[in-house]
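Protein chains in written order, with the working numbering: chain A, 1 to 277; chain B, 1 to 277; chain C, 1 to 277; chain D, 1 to 277.
Incorrect hints may have been included.
What the hints assert, rightly or not - Think about it this way: if two alpha-carbon atoms lie no more than 27 Å apart in a straight line, the pair counts; the simulated DSSO-like pairs of lysine-lysine are:
{"no.": "1", "chain 1": "C", "residue 1": "K13", "chain 2": "D", "residue 2": "K195"}
{"no.": "2", "chain 1": "D", "residue 1": "K252", "chain 2": "C", "residue 2": "K11"}
{"no.": "3", "chain 1": "C", "residue 1": "K98", "chain 2": "C", "residue 2": "K231"}
{"no.": "4", "chain 1": "B", "residue 1": "K103", "chain 2": "A", "residue 2": "K93"}
What the hints assert, rightly or not - If you want a taste of the chain A side facing chain C, the calculated C-beta under 8 Å gives, among others:
{"no.": "5", "residue": "L27"}
{"no.": "6", "residue": "H29"}
{"no.": "7", "residue": "L141"}
{"no.": "8", "residue": "T147"}
{"no.": "9", "residue": "G262"}
{"no.": "10", "residue": "W266"}
{"no.": "11", "residue": "H269"}
Bear in mind the hints are in silico, worked out from the structure with no lab data behind them. Note that the coordinates shown come from a computational prediction; the quantities given were computed from them, not determined experimentally. Glycine included, each C-beta is placed from N, C-alpha and C at the ideal position.
4 protein chains.
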Amino acid sequence: RCLRAGVLMAKSKFEYVRSFEADDTCLPHCWVVVRLDGRNFHRFAEKHNFAKPNDSRALHLMTKCAQTVMEELEDVAIAYGQSDEYSFVFKPKSNWFKRRASKFMTHVASQFASSYVFYWRDYFEDQPLLYPPGFDGRVVLYPSNQTLKDYLSWRQADCHINNLYNTVYWTLIQRSGLTPTQAQERLKGTLAADKNEILFSQFSINYNNEPLMYRKGTVLIWQKVDEVTTKEVKLPAEMEGRTMAVTRTSMKPVPLHCDIIGDAFWKEHPEILEGNS
Amino acid sequence: RCLRAGVLMAKSKFEYVRSFEADDTCLPHCWVVVRLDGRNFHRFAEKHNFAKPNDSRALHLMTKCAQTVMEELEDVAIAYGQSDEYSFVFKPKSNWFKRRASKFMTHVASQFASSYVFYWRDYFEDQPLLYPPGFDGRVVLYPSNQTLKDYLSWRQADCHINNLYNTVYWTLIQRSGLTPTQAQERLKGTLAADKNEILFSQFSINYNNEPLMYRKGTVLIWQKVDEVTTKEVKLPAEMEGRTMAVTRTSMKPVPLHCDIIGDAFWKEHPEILEGNS
Amino acid sequence: RCLRAGVLMAKSKFEYVRSFEADDTCLPHCWVVVRLDGRNFHRFAEKHNFAKPNDSRALHLMTKCAQTVMEELEDVAIAYGQSDEYSFVFKPKSNWFKRRASKFMTHVASQFASSYVFYWRDYFEDQPLLYPPGFDGRVVLYPSNQTLKDYLSWRQADCHINNLYNTVYWTLIQRSGLTPTQAQERLKGTLAADKNEILFSQFSINYNNEPLMYRKGTVLIWQKVDEVTTKEVKLPAEMEGRTMAVTRTSMKPVPLHCDIIGDAFWKEHPEILEGNS
Amino acid sequence: RCLRAGVLMAKSKFEYVRSFEADDTCLPHCWVVVRLDGRNFHRFAEKHNFAKPNDSRALHLMTKCAQTVMEELEDVAIAYGQSDEYSFVFKPKSNWFKRRASKFMTHVASQFASSYVFYWRDYFEDQPLLYPPGFDGRVVLYPSNQTLKDYLSWRQADCHINNLYNTVYWTLIQRSGLTPTQAQERLKGTLAADKNEILFSQFSINYNNEPLMYRKGTVLIWQKVDEVTTKEVKLPAEMEGRTMAVTRTSMKPVPLHCDIIGDAFWKEHPEILEGNS
Chain A
1 RCLRAGVLMA KSKFEYVRSF EADDTCLPHC WVVVRLDGRN FHRFAEKHNF
51 AKPNDSRALH LMTKCAQTVM EELEDVAIAY GQSDEYSFVF KPKSNWFKRR
101 ASKFMTHVAS QFASSYVFYW RDYFEDQPLL YPPGFDGRVV LYPSNQTLKD
151 YLSWRQADCH INNLYNTVYW TLIQRSGLTP TQAQERLKGT LAADKNEILF
201 SQFSINYNNE PLMYRKGTVL IWQKVDEVTT KEVKLPAEME GRTMAVTRTS
251 MKPVPLHCDI IGDAFWKEHP EILEGNS
Chain B
1 RCLRAGVLMA KSKFEYVRSF EADDTCLPHC WVVVRLDGRN FHRFAEKHNF
51 AKPNDSRALH LMTKCAQTVM EELEDVAIAY GQSDEYSFVF KPKSNWFKRR
101 ASKFMTHVAS QFASSYVFYW RDYFEDQPLL YPPGFDGRVV LYPSNQTLKD
151 YLSWRQADCH INNLYNTVYW TLIQRSGLTP TQAQERLKGT LAADKNEILF
201 SQFSINYNNE PLMYRKGTVL IWQKVDEVTT KEVKLPAEME GRTMAVTRTS
251 MKPVPLHCDI IGDAFWKEHP EILEGNS
Chain C
1 RCLRAGVLMA KSKFEYVRSF EADDTCLPHC WVVVRLDGRN FHRFAEKHNF
51 AKPNDSRALH LMTKCAQTVM EELEDVAIAY GQSDEYSFVF KPKSNWFKRR
101 ASKFMTHVAS QFASSYVFYW RDYFEDQPLL YPPGFDGRVV LYPSNQTLKD
151 YLSWRQADCH INNLYNTVYW TLIQRSGLTP TQAQERLKGT LAADKNEILF
201 SQFSINYNNE PLMYRKGTVL IWQKVDEVTT KEVKLPAEME GRTMAVTRTS
251 MKPVPLHCDI IGDAFWKEHP EILEGNS
Chain D
1 RCLRAGVLMA KSKFEYVRSF EADDTCLPHC WVVVRLDGRN FHRFAEKHNF
51 AKPNDSRALH LMTKCAQTVM EELEDVAIAY GQSDEYSFVF KPKSNWFKRR
101 ASKFMTHVAS QFASSYVFYW RDYFEDQPLL YPPGFDGRVV LYPSNQTLKD
151 YLSWRQADCH INNLYNTVYW TLIQRSGLTP TQAQERLKGT LAADKNEILF
201 SQFSINYNNE PLMYRKGTVL IWQKVDEVTT KEVKLPAEME GRTMAVTRTS
251 MKPVPLHCDI IGDAFWKEHP EILEGNS
């Protein structure tokens, strides 16, 4: 029992180790971007039979996870995702967890990852999840609206370049029977215009008609949504209850598949950057 | 189509935003500790009917997740967990992802979180998981073996203090029918010795006989484990195959529930700190 | 001789220690402020018989050092000084020494300190310098023009508050014969209006007529200055040379003692913040 | 007067800018090294007619400045200098200015720089100082005695390599009349042994007999030094005072020019690393 009395003293004796924690507060008034990337998702996609070049189930699952992150965490103003990555943008004035970078990124990473497994079956009905996936994350600060917009434009331009490449690459393999090496060889040195030409002349595919979600990725912004729920109501004159439709309006993270490089999007949704210029 | 040709240029025009990423390399030759904590696990425990003061299913699930982290990630030398937290200790010489702090913590957080959902049903058979849980993480550096041991001792002393408190608190509620407020009041100002006395005199509980996992938490270290697998073998003379037991030895993260504050543990397992003093 | 051959190997064997240097790049597109403070200048002022509450020799020397810093270093857009402190503001687009914080602050600190000793005699003719003074410095980032202006306003408001206090404090001592403790006691709890009142009613001093340099501090901005130098010229027809006055225009850091809290200053000198909004 | 009342409010309105200061605490229990380098000292040496390859006045002045830094600042355990650089090693347990990196480096940089000008005339009697020099500095952490010793060995090996090169280079120029380009050409690709050979066979110089200060640089460590001062004493029986020699022992930073790569130095001075292994 004596031993036990010493534990508290022991604890305080060891507590000096807390002073080794470094402060990682994000600079105030900057946009805080957390970008997540799937770990080793090339292998993950193969093992789980993802459709190529795009698996819409996987993309919708990613977006569901991102919506969960936006709803469960605080102060996310906008999110953008494509392929196996998602970026979450926290407001410049956010003081969530005192703006500690480690809090931002681990909360995003863990919430996204647990949601991925939790919601898997809603999107991959016939494909069991074989193992729990990993994601890596990072925090980047952007000090102005312009640099933030340029960051998001960078990701969307990346989406376009990759998707155009992948669309031609997999069409050559799936419809012309090329091997991966042959397809790669065929595309070496081609410009965007050349890739469009291959799709159009060889496969009658107009790249512009490909689904917007594939070409533009997914933007999540907060919008008013009407939720219709049913509620049991008992009116005084009646013996039995009656169910009534009740409409409640609330803010929800809504997916869009539009261009965010040009000005139109930002003019249409001024509230995203509002008060931060 | 002209537009498209501009995308690559656009991308390179935006690429300057990469320069906003800060370098967060961990100081070489230091132990890198990533500690995870469950987010809002008080509520989570209630919603999922965790036994009080300890739910062994939950503790075993935490340890399963920690083992997955050790197996899927690189260079974890030892891990220690208790309650809803787990600490992972990366080797001082690790150069995994160039020692970037963000990589260490987001990989740990996401792998742990996805495993928590993935393995939930193996431990909580009758209790469905109601929502995907979150975890937060941080990175702390320890420059010497002594400071690392003191860190782990700090966490184990914390485990002891909390568990002793919780054990008396919940026994007072469950067996004496006190309300939470009354139990809290009863324990105010008591020392460890007093708490042991309450348990012993009022409930005939010798705290020393409580399960080690509750009192000491869980240490995970790498140990040689014999895996027996069956293999189908076809000998030339035989028409039918025969199954044979094949024993393979491999390193696995093995759970222990022992004291790590004293020297005995470190003398018994010198390989953990080896080459780093 | 053998030993020597080994030195190069020895050096490369030791060179791993370079990897312990951390990257301290300042976030791009942010204003980089380096603020210097005199170390232990209370004692320094006493030992060197500084006039109280303001020693104009000391203030002019500080400004001379700040001008040297602006001329010798790169990319300082504006500087502000008062009492024993000076702030240097580097441009958001500056890439001087790759924006390493340690380079910014040590160059400023060392250049300022060496200049302080070097130019001492030009300002303190009869007062020898007794020992070499020290300064401490820090780097702070401001992500927008507004936050930068607020930083400078903060320093100027600080100048005002301290100078008003010191003016009354030393007048009470010097002209009413109060002891330091009595003067302190007299000022306890007084507001700005009360202090003005003491000065006016007791000493017929209108604080507004005190020198601007004391009340506002010193702003250094780049301005075109005509430098007249003499040059020896030999015309073909003449036997002897003639000295001619030559006027050359160049940019110099020019001291102003004006309000920088209001908008007027920034409207009058839009080039300071230009291109950074 | 109304305006004035608002200043305090104004100040508190601006004070939020303090939150933009980042914490830069050095990891506890690590050696903190501040290394200074002369800024543009190639030009400085030429303008001030430094002897080549080594100017002993300049080296002694550097060491005088380093001694001043050790005496004026806290917790420097050892310093090492060569050419236009000096490294200062703060103790792992130092809590000077809460271990803030910016404080360590700016105090060192400014104290060194002001001392350089202050003591210039004591070393360069006939050579006036033409302009105030600058220095840059950085902070590097070393988590163990071994890494610290390797850091110092790295600097001393660097001293050796540079000094051997410079000795041959300048001897070729000064005694054989080679141009700088010819001397450079002659030394291209030579090993240490070759350079020794040139010195010995061509100029009868045994490099081992060159002054230790040039070959090894300067180590500053704290040692007990007897200071003899004279004191006026009045004995009761005497009418006149008598001056007496009084010996006082105190710790001073003492320069050594010895090898610090091998073990001998560290065995002879165990107190330097004591208590930090």
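To see whether the hints hold, each was checked on the structure:
With a C-alpha separation of about 21 Å, the suggested pair C:K13 and D:K195 falls inside the 27 Å cut-off, and the hint holds. A C-alpha spacing of about 30 Å is found between D:K252 and C:K11, which places the hinted pair above 27 Å, so the restraint is violated. Distance hint between C:K98 and C:K231 is unfulfilled; the C-alpha atoms sit about 40 Å from each other, more than 27 Å. The suggested pairing of B:K103 with A:K93 holds, with an alpha-carbon distance near 26 Å, which does not exceed 27 Å.
Checking A:L27 against chain C: minimum C-beta separation of about 6 Å stays under 8 Å; hint holds. Because the beta carbon of A:H29 sits about 5 Å from the nearest beta carbon in chain C, less than 8 Å, this interface hint is met. Taking 8 Å as the C-beta cut-off, the interface hint given for A:L141 holds, the closest approach to chain C being about 6 Å. Because the beta carbon of A:T147 sits about 6 Å from the nearest beta carbon in chain C, less than 8 Å, this interface hint is met.
Using the Cβ-Cβ criterion of 8 Å, the hint placing A:G262 at the interface with chain C is not satisfied: the shortest such distance is roughly 22 Å. Contact between A:W266 and chain C, as hinted, is not supported at the beta carbon level, the nearest pair being about 17 Å apart and thus beyond 8 Å. A distance limit of 8 Å between C-beta atoms decides the matter here; for A:H269 the minimum to chain C is near 22 Å, and the interface restraint is violated.
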